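Asker: Listed below, chain by chain, are the residues.
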Amino acid sequence: MLKFRSIFSKSKSNNLFLLRSLTKSSTSPADAFSYSQNAFSFSKHSSLPAPASVSRVPLSRSFATDSEARDSIEYDVVVVGAGPAGLSAAIRLKQLCHQKGADLSVCVVEKGAEVGAHIISGNVFEPRALDELLPQWKQEEAPINTPVSSDKFWFLTKNRAISLPSPFHNKGNYVISLSQLVRWLGAKAEELGVEIYPGFAASEILYDANNKVIGIGTNDMGIAKDGSKKENFQPGVEVKGRITLLAEGCRGSLSEKIMGKYNLKEKGGAQHQTYALGIKEVWEIDEKKHQPGAVVHTLGWPLDHKTYGGSFLYHMKDNQISIGFVVALNYQNPFMNPYEEFQKFKHHPAIRPYLEGGTVIQYGARTLNEGGFQSIPYPVFPGGAIIGCSAGFLNVPKIKGTHTAMKSGMLAAEVTFGVLNEGLDMDMYWNALRNSWIWDELYKARNYRPAFEYGLIPGLALSGLEHYLLRGKHPFTLKHGKADHEATNAAQLHSPIHYPKADGVLSFDVPTSLHRSNTNHEHDQPPHLRLRDPKIPETVNLPVYAAPESRYCPARVYEYVADEHNQLKLQINAQNCLHCKACDIKDPKQNIEWTVPEGGGGPGYSVM
Amino acid sequence: MKIMVAIKRVIDYAVKIRVKPDKTGVVTQNVKMSMNPFCEIALEEALRIRESGLASEVVAVTMGPSQCLDTLRTGLAMGADRGIHVESTSALHPLHVAKILRNLVENEKPSLIILGKQAIDDDCNQTGQMVAGLLNWPQGTFASKVVLDKEKEEVTVDREVDDGIETVQLNLPAVITTDLRLNQPRYATLPNIMKAKSKPIKKFTPQELNVEIKPDLEIVEVTEPPKRKAGVMVSSVDELIHKLKNEAKVI
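Heads up: the sequence lines are chains U and S, in that order. Start counting the first sequence at 1; every next residue gets the next number (the working numbering). Start counting the second sequence at 1; every next residue gets the next number (the working numbering).
Just chain U, with the same shape it has in the complex:
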């Protein structure tokens, strides 16, 4: 029995001896207002009326009566986010404890209702980090069983697919569902004694008197849209840790705050981060067309030469395929609609045969890092570190970030162990990263993406040069262009793009797709998408940029609706949100702030 060191400031017992159960716990808080699928004709996937203009709502913390002390629980290490990085860090910590006879309590908080519910990725998995972390993964039945069997790369025009030599070396890699793999990692972590609490959203950072991070606070639950407390109000909980590791994924909300507060980008000599939006569906297709392990990537149509992006099509097992489209968010045309580009793409004569006769199982979207080496911030702050995609270790030409995220978590765990047991300095994490294969790999890959600033053809040309000749061995490092939100041109410089109507067989409208993401939020809560200035949507976004948020959001959260005076006003359907963070990244005036809603809400990915 492991002794659980905790201090409940309001509970009666002080020392709880907890029997570590070996069964997976997927506890989720009871949803406040549950609707029977049949008893209520409440359609959660259609646009819901919300307050016409959302004024700036202060942090939920101020709604809890400040006099009411929150429960406080203490751990040695607190990890925010049960993704590949967070779970790898937690597992590595427990492994070191067992190896060296130490005992550290590790807690992982996760905003999704289950571990894996918010995990979405291509995914062609490179097992390099997993081999280091859990070498027995095959015997322990990790859901990794479809080796890559073919690797194709096509340049698409409207009607043709031109085969190009594949720039990827996917031999030894596997086509997987990352959501499934993360669920397996979660079970492994719990076996080792990690405490994982899904359904709890870390919404604020806790500091001590010296501005050192001492943990996180979870959301207050049961606050109504107008800010008042509902009858099931529960104040959030303070989860304190001697070390806090932020593993929130790309554009993590707390990570962004920390990077701003401690100037971590400047400290690391980093450029701004650049991003892409990936939209994905999992289909179950005709088994005659299914080739397990087949990997296809495309460039070109339907995107133009100025827009970086492309598609992927991976065959998993059980006649399921992952198909998706990725568009770099530094696109210039405000009329660009990444979701519609994806729907259009599926009609290409080389792609549609795979899909005909199949059905869509799940849909989802998430932004991903494209900044690579040039954008890695200094990842250490007083009291903790940032790991995984929150810092940004995705290898863009390989389009893989899982292995580097996991490795970054493992390195952070090793340094954390040293900090807590041997008095080492957390800054050693920066050194550990720079001495690892993460650095090596990202350094070699650093110029592929920035080359596309000059256009599609120069980008491809340099990619070829890099791949066959230079391999990163040159003295220069190309810089990124404008930040994504600054790259959007005014609408008057472009004309609207006409997208074909969804046919309901290969392509679909947003509400239909959204329903397949299993996304939902408690509707009676303050909108988690906050406008720093409530006037900007109608004074800037709409007239100057023709409301790009109504196009890049893959969940139709942002809609301009005529009010009683026939004036278009922004309506925020926060309940639809997929937690992709595109709005936080792409809003031209950076007016939209994505904050974390009540835990347990958001998408319900299981095979993504």
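Read the hints as simulated data drawn from the structure, not as lab findings. The structure presented is a predicted model; accordingly, all values stated were derived computationally and were not measured. Even glycine gets a Cβ: it sits at the ideal position worked out from N, Cα and C. One or more hints might be untrue.
The calculated lysine-lysine pairs, modelled on DSS-like cross-linking and capped at a C-alpha distance of 25 Å, are [what the hints assert, rightly or not]: (1) Lys-317/U x Lys-20/S; (2) Lys-195/S x Lys-188/U; (3) Lys-501/U x Lys-227/S; (4) Lys-32/S x Lys-317/U; (5) Lys-188/U x Lys-32/S; (6) Lys-23/S x Lys-288/U; (7) Lys-23/S x Lys-230/U; (8) Lys-145/S x Lys-229/U; (9) Lys-501/U x Lys-229/S; (10) Lys-195/S x Lys-344/U; (11) Lys-23/S x Lys-289/U; (12) Lys-20/S x Lys-289/U.
Short derived list, chain S residues pointing at chain U, Cβ under 10 Å [as the list claims (entries may be wrong)]: (13) Ala-14; (14) Val-15; (15) Pro-21; (16) Val-27; (17) Lys-32; (18) Glu-44; (19) Leu-134; (20) Asn-136; (21) Trp-137; (22) Gln-184; (23) Pro-185; (24) Ala-188; (25) Thr-189; (26) Pro-191; (27) Ile-193; (28) Met-194.
Guided by the hints, dock chain S onto chain U, whose structure is given.
Answerer: Chain S alone, transformed into the frame defined by chain U:
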């Protein structure tokens, strides 16, 4: 006074349901499961009665495979004192559940059994009524308000019926099934989830409770509802009547 609450693990209400290709049922693999929403309401009501001092203990009961323990732990995290897990891998229909509950009642002797009015997977709306019938207890179903009078050993239940609200007064012991508007269930907080890990759970099998799980229902086929066809605009009442008579053939 003891209250027993029956809770069921079902597919989460927000999940998009898919029918299995062989039409024998619905896909449950890799699908999120949660406590049935009406069972959450039932448990919440039991907890409120206990917190008002009228009951001393709330026992949560669940039946099904080992994964049901997750749901039971959530119930304990909400505040139930003890849990009972009746383990069975075969499909349990309402009559089986009702018989098992009746036999559990002989040991536990609660004064009140509270259940959700129906489960969102089968929508049977039968278990509560069957339990009351087997025990020969009064029942207040579709409860939108529950008021307990401990001294008189009575419970007054407002029932949501088609005509409006019907108020019934039941002598204890009684069976109540909950409807949507009864209450808003509480969240399980982090400290409570941690405390729930050490609350006792008793395990039974249906055989130990003298109930034979013999399927008396056979699911013949499960299909998706037919796709809605597009509507048609008509230009006059005559055209409407013509279409109703000759195309839809409903008049």
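Asker: Can you give the numbers of the hints that this structure goes against, from lowest to highest?
Answerer: 7, 10, 19, 20 and 21
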